[in-house]
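Kindly generate the complete structure, drawing on both the sequences and the hints.
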Amino acid sequence: MDAILALEDGKIFRGRSFGADVERCGEVVFNTSMTGYQEIITDPSYKGQIVAMTYPLIGNYGIVKEDNESGRPFLEGLAVTEYSKIASNWRSEKILQDYLRENKVAAIEGIDTRELTLHIRQAGAMKAVLSTIDLDEKSLVKKARDSEGLIGKDLVREVTGKREIFFEGGKSKYKVVLLDCGAKSNIVRELIKNGCRVISVPAGTPAEEILSEEPDGVLLSNGPGDPAAVKYVINTTAGLIGRVPIFGICLGHQMLGLALGGRTYKLKFGHHGANQPVKDLKTGKVSITVQNHGFCVDMGSLNKKDIEMTHINLNDNTLEGMRHKKLPVFSVQFHPEAAPGPHDAVYLFAEFTGMMENWRAKKKRH
Amino acid sequence: MPRRKDIKKILIIGSGPIIISQACEFDYSGTQACKVLRQEGYKIVLVNSNPATIMTDPEFADSTYIEPLTVGSLEKIIAKERPDALLPTLGGQTALNLAVKLSEAGVLRKYGVNTIGANIKAIKKGEDRKLFRDSMKKIGLDLPKSGFAYDLTQAKQIVQEIGFPVIIRPSFTLGGTGGSVVYNAEEFTESAKTGLSASMIGEVLIEESVIGWKEFELEVMRDSKDNVVIICSIENFDPMGIHTGDSITVAPIQTLTDREYQKMRDAAISCIRQIGVETGGSNIQFAVNPKTGRMVIIEMNPRVSRSSALASKATGFPIAKIAAKLAVGYTLDEIANDITLKTPACFEPAIDYCIVKIPRFTFEKFPSADATLTVSMKSVGETMAIGRTFKEALQKAVRSLEIKKYGLESAVFKDLRNIKPQGDLLESIYKKLRIPNADRLFYIGDALRSGIGIDKINEITAIDRWFLYNIKEIIDMEKTILENKDSITKEILAKAKKYGFSDKQLAGLLDREEGEIYRLRKSLGITSDFKSVDTCSGEFQAYTPYFYSTYNK
Chain A
976 MDAILALEDG
986 KIFRGRSFGA
996 DVERCGEVVF
1006 NTSMTGYQEI
1016 ITDPSYKGQI
1026 VAMTYPLIGN
1036 YGIVKEDNES
1046 GRPFLEGLAV
1056 TEYSKIASNW
1066 RSEKILQDYL
1076 RENKVAAIEG
1086 IDTRELTLHI
1096 RQAGAMKAVL
1106 STIDLDEKSL
1116 VKKARDSEGL
1126 IGKDLVREVT
1136 GKREIFFEGG
1146 KSKYKVVLLD
1156 CGAKSNIVRE
1166 LIKNGCRVIS
1176 VPAGTPAEEI
1186 LSEEPDGVLL
1196 SNGPGDPAAV
1206 KYVINTTAGL
1216 IGRVPIFGIC
1226 LGHQMLGLAL
1236 GGRTYKLKFG
1246 HHGANQPVKD
1256 LKTGKVSITV
1266 QNHGFCVDMG
1276 SLNKKDIEMT
1286 HINLNDNTLE
1296 GMRHKKLPVF
1306 SVQFHPEAAP
1316 GPHDAVYLFA
1326 EFTGMMENWR
1336 AKKKRH
Chain B
22 MPRRKDIKKI
32 LIIGSGPIII
42 SQACEFDYSG
52 TQACKVLRQE
62 GYKIVLVNSN
72 PATIMTDPEF
82 ADSTYIEPLT
92 VGSLEKIIAK
102 ERPDALLPTL
112 GGQTALNLAV
122 KLSEAGVLRK
132 YGVNTIGANI
142 KAIKKGEDRK
152 LFRDSMKKIG
162 LDLPKSGFAY
172 DLTQAKQIVQ
182 EIGFPVIIRP
192 SFTLGGTGGS
202 VVYNAEEFTE
212 SAKTGLSASM
222 IGEVLIEESV
232 IGWKEFELEV
242 MRDSKDNVVI
252 ICSIENFDPM
262 GIHTGDSITV
272 APIQTLTDRE
282 YQKMRDAAIS
292 CIRQIGVETG
302 GSNIQFAVNP
312 KTGRMVIIEM
322 NPRVSRSSAL
332 ASKATGFPIA
342 KIAAKLAVGY
352 TLDEIANDIT
362 LKTPACFEPA
372 IDYCIVKIPR
382 FTFEKFPSAD
392 ATLTVSMKSV
402 GETMAIGRTF
412 KEALQKAVRS
422 LEIKKYGLES
432 AVFKDLRNIK
442 PQGDLLESIY
452 KKLRIPNADR
462 LFYIGDALRS
472 GIGIDKINEI
482 TAIDRWFLYN
492 IKEIIDMEKT
502 ILENKDSITK
512 EILAKAKKYG
522 FSDKQLAGLL
532 DREEGEIYRL
542 RKSLGITSDF
552 KSVDTCSGEF
562 QAYTPYFYST
572 YNK
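Residue numbers (this note's numbering), protein chains in the order written: chain A, 976 to 1341; chain B, 22 to 574.
Hints in this document: simulated from the structure, not taken from any laboratory.
Note that beta-carbon positions come from the ideal geometry of N, C-alpha and C, so glycine has one too.
Within a straight-line C-alpha distance of at most 16 angstroms, the following computed EDC-like cross-link-like pairs (lysine to aspartate or glutamate) qualify:
hint, chain 1, residue 1, chain 2, residue 2
1, B, Lys30, B, Asp83
2, A, Lys1060, B, Glu494
3, B, Lys493, B, Asp476
4, B, Lys506, B, Glu534
5, A, Lys1113, A, Asp984
6, A, Lys1168, A, Glu1143
7, B, Lys312, A, Glu1068
8, B, Lys363, A, Asp1291
9, B, Lys425, B, Glu385
10, B, Lys56, B, Asp78
11, A, Lys1069, A, Glu1041
12, B, Lys500, B, Glu430
13, B, Lys284, B, Asp163
14, A, Lys1257, B, Asp354
15, A, Lys1060, B, Asp497
16, B, Lys574, A, Glu1090
17, B, Lys493, B, Glu430
18, A, Lys1260, B, Asp354
19, B, Lys246, A, Asp1255
20, B, Lys177, B, Glu208
21, A, Lys1339, A, Glu1189
22, B, Lys426, B, Asp460
23, A, Lys1260, B, Glu355
24, A, Lys1257, B, Asp247
25, A, Lys1260, B, Asp247
26, B, Lys525, B, Glu535
27, B, Lys29, B, Asp83
28, A, Lys986, A, Glu1090
29, A, Lys1117, A, Asp984
Residues of chain A placed beyond 10 angstroms of chain B at every Cβ, according to the derived structure:
hint, residue
30, Ile987
31, Arg1120
32, Asp1121
33, Gly1275
Right under this line is the structure:
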């Protein structure tokens, strides 16, 4: 079946569908990861986005349920150069095409994703429509233009869990509340590995309710879209600062930036890939990190008296991590939980437990 | 860290004569090193016995010695030149072995020469199979079961415990010389003797056979601040049991999930740290059981390897050049990416194409050689091709071999319209699948033409089904072309070009002249495009990229 990816600036990519028979709007971004398409498809942070994979051969190892980063796919659409009709891997359970169809995901193949990437690099991330239903180019371009886009839109509401969920694996030393703005499963897995018991709460949970759980720490999760549009989480974050150790990841980092009085802005085409070099300014060491964000905390907007920059991106010198100088609060823009991507920055979960340990000791003294 | 100022003069050892397993790759890496270190203001002393190398051109070193690569001649050169440092990791196994011998003979200490890149201890840990195994066990990495033997009696004891088939690997050799796969007790005595005598130190490793397992390689770099990055991942088309130098290889890895790949990446990083390669590149090989996923580490080369040249060209990351800079104290984040200029070399290349390397054999020139492919390397060269798909890259690489094949053409069938696979012919196809040989790729094509299924071919060859499926798509395309001989459409032609079919190959299938096909597709607007190798999949602007042609645009 034919499919068309139409960009709001009139650029058209014609290919074939290998997903559901649907029409979806979203912001089109490119991702340079060579492995991990399944984790990307099931990462709730991709809500509202059509993802083009720069690596041309996708689907080679099929789908393995245990590698999912959430219960289902959240992205609006997937664009690849060639998808594999067979899955070859000892763990593989089904082929990618079947998975996408079952989950009603729009997917196009047979397009030149490098050309698309170069276009986005020059023109910036933009709104687009991926359709197998309407194949009229003009009509699709209009639909792309008329679609809402990401700025100012609260997408967290659409991906956050509806109720509290408890996770525990064996003996645990710390109780962590995960503010679920679209959290990836591997955040929970890493917390458990580091001796935490996790209570995942919906994004709308107010600060007082979170504190009433008497947690040792709060993790502000990753999530989709524009952080500035999620005022309630920013308020919650502001209500937590200084009262409990906080670790922010990706969207959580942006929420912290806003709650601490900073600003966020949109990057031209964002960071989406598994090879982003991030320098730890304290040790001077570089971690290769996986990232997925279109918005960024403005370094200049932060109050330098209270906030210390801890990590920067070596490709474009943007802010990748910060820490409060007096309060137990730190955050990173990249994904220390990996999945997909390198494990170089996984040490940050141990820093979080260390912070919780210190906080506990301090509380005891008082 | 800025470059080291405590050293002024650096000795570089080349790799000597061209032999199987050690050809111009190390001239490439050595030349790169000479160039970049001279630019940095160091005095370079170069020793290589092979005058037919670029590196021995006078402009590449301050003093060049064309002398035998022996301890005796090296000592004289060191005594005369008094270099501060020896960089042993860019001249292949020859340079590495010579560095060890110079150290053991006390020459390095006598003249106060320090090794840079990898120290002698690290070289030994990487190269000595026993030390290597102990090191890997220490960091919890899985290895094939094995034992060391120093004489025949010990060897026989070990094989009794492990059971056949086993691999015999002599310690300290080039390109696996003297190594073999042994299936029964009769062959074993002879093979063990050969192995013991091939080893520089009379030691062989007898190892659980992982023949038929999937084989992978990672090209890893480390700097003095302990930053480690993976430059390139490689999956071997031919499974374990065939020397990597004789295997068709593909980059990046195609059939591992992210979890499995990251586990391998973690293992490679802990390996280079544990072995203690201070700075520079290493090549680390893994085997994975295709049924259970059990991953074992096979070996590591604590130096720029044969695969490094390929990985450099495959990714746009100049491994030898960067390795030389790291050896004199720079760190990865201080070096700019040559192609993007604005981003640092401290990253992992993201590629948006598929690389296929095919080894080139010349068994016709060695009539007495056994043409079966084993764990000892036999190929004399290789071709590499870049395509947007595996199919396109594979057919391009075949064409480059200069063996009068213009794509994945048949080995046995003269008339593709009239394929009657039976009797001896069918038997010969099965035989060529079973026993690894230089033409196996073409026999896989013929097996598929004969209606033998992917699963069956996988069962016989242990080549991953993903590769076989892609080859089947090429063969199916060939069939479509034949069936539409008189009514060839633009769609079919365009798809054939995307699958890497050459005009000449198409001309053969369509009974036309090559020029006719060329004109026909031009008139239909089917043309190729040039895309660039830019290390970053288009994320950043490329200032000095290089290009490959593709019809997938």
